[in-house]
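Read off the chains here:
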Amino acid sequence: MDTFKNIFEQYDWNNTLSSIFSKTENDVINALSKTKRDLEDFKALISPAAKPYLENMAQMSSRMTKQRFGNTIQMYTPMYLSNECQNICTYCGFSITNKIPRRTLTDKEILIEVDFLKSKGFDHILLVTGEANRMVGVDYIKNAIQLIQSKFANITIEVQPMNQDDYELLIHNGLYAVLVYQETYHRQEYKKHHPKGKKSNFYYRLETPDRLGRVGIHKIGLGALLGLEDWRADSFFTALHLQYLKKTYWKTKYSISFPRLRPHSGGLEPKVEMTDSDLVQLICAFRLLDEDVELSMSTRESGVFRENAVNLGITSISAESKTNPGGYVIEPQSLKQFEISDERSTEEVVKMLQRKGLAVVWKDWANNWQ
Amino acid sequence: MDKLKIADKEFSSRLFTGTGKFSSSQIMRDALLASGSELITVALKRVDVNSEKDDIVSHLDHPRINLLPNTSGVRNAKEAVFAAQLAREALETNWIKLEIHPDPKYLLPDPIETLKAAEELVKLGFTVMPYIHADPVLCKRLEEVGAQCVMPLGAPIGSNKGLKTLEFLEIIIDQSNIPVIIDAGIGSPSHAAFAMEIGADAVLVNTAIAVSQQPINMAKAFRLAVEAGRIAYNAKLAPIQQYAEASSPLTSFLGEEI
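Those sequence lines, one after another, are chains B and X. FYI, my numbering numbers position 145 of the first sequence as 145, with every residue one higher than the one before it. To convert a position in the second sequence, counted from 1, into my numbering, add 370.
In case anyone wonders, no lab produced these hints; they're calculated from the structure. Note that the Cβ used here is the ideal one computed from N, Cα and C, for glycine as well. A hint or two may mislead.
Stated by the list, open to error - In silico contact screen, one side only, chain B against chain X (beta carbon under 7 Å); selected entries:
1. PRO52
2. LYS363
3. ALA366
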């Protein structure tokens, strides 16, 4: 069966990287002048040659985002269900090598956490787990979706990659979207960072969006963990992946996230640092490549950065997030996946958005007609 | 200005509007009141049907405003019919703007599913207003199954590009026995006036108002443009001169014989 693998294998990491770094000011000007941009333009826009044009890019990105998405920002909240994990991921707090007590929420605990999130106004929820197929497998996730389905307009998961049948089952039970980040598209580096567990299978993860697309998921979220490898090459491959998926699974919506490596328990320093200016450049480049892709930003980023990012191209954000199971009410001290940076309350974030002239969209879906 | 009748309702305003993309519900309300619009579409997916104080719906509470729920977000006829029934229950209206766009990029309508859903919804007693491509044959087919109007697009939704489908819109207007409302792509008051001049019965505008720097003033501008276009249409435009007055006539040798 055709998957992204066929396309991915036609590219070489080092050639891609040198092609990005060989882009000139003229390439950037050309890319900015066009109305439809391709992946070569995207390379130019993420290249060092585009740095002098960052303000132009920001203005264009802001304008395009406003036209498509209006003066609005969607709000979502993550809810961690479990920090059990069988994988070794060198950058993650949940890694099996991190010998810290684990917790998986019970039905009762899930509902207590949900009540708290509903009281804050959230209607779009992101359920997160580690990868522990026996304890937190498809049945556990199905049960969690069924439990909260009547309370949320829109349910997304960020869990271990699954088989097509499992996805079909979850969609049937009310799943709207799946986020699956490749972490890095550099095959050898990927192996280094994921030496053990099911996650060490690079291609199984790479082909996850294909399995989702085939069963007609409403939305797929892509991204790379920025800092593991060169962010420019990883972002090019993310864009390549996005373009392939949009053409193949044309009824599905897509979102891109920009997780920069954050400190956590047992932490790893970023190999390649990505500055604030680099991240702005990347957000704008994605918008200039694709006017309708959703661009999402979590509380990994600082309050100041997020306040500015919402006018640059970002279309959905979270607020007041906890990255540990039970973190909102049940057990605030349980093991976190990573430290967040923007610790403001939901109310403060909403006020900030209103000050910026942005209406908060809590609900943009109805799971009861599907 | 002459009134527009759709199903059992008469409208004094031929400008229909939408509720998306505004920077706050208050600005939305002020702009939509300034537009004079009497039919305002709202995406069912944005409405909290369980809450009596839904932010969008509560801001549209006004004797002049009729709500027109739309099915944006559905991907096929089955989902559309279900969404329409939910809308009827929640918003207490039989009117439905039928939008089936499975393609999330350009939001282009699926003609096959739309026709199927329209037929079914008409049977269920809905006043069906289908959003469609500017396809004259599809318009006749929708008319035959009992749609109360057709809503062909001028250009992709939110693109503000104007009447890119002009040739086909003219055919649709020429052939239609039901009102023709040009729905998407209208980006400026001049586009709206032009749509009215060519004989559209109404236009629907959202992005161009909501995303303008001054939505309230832009709403007024659209109101005036739609009125101007309609009055001009009724007054019959003077013909465009199709031939030139030659400076060196070719037939003058005929002398006085002609």
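At a threshold of 7 Å, is the proposed contact between ALA366 (chain B) and chain X supported by beta-carbon distances? holds (5 Å)
Can the hint on PRO52 (chain B) be confirmed by a CB-to-CB distance to chain X that is less than 7 Å? Check failed: Cβ of PRO52 (chain B) comes no nearer than 28 Å to chain X, outside 7 Å.
For the hint on LYS363 (chain B), does the least C-beta distance to chain X fall short of 7 Å? holds (6 Å)
Checked against the numbered hints above, the structure violates only hint 1.
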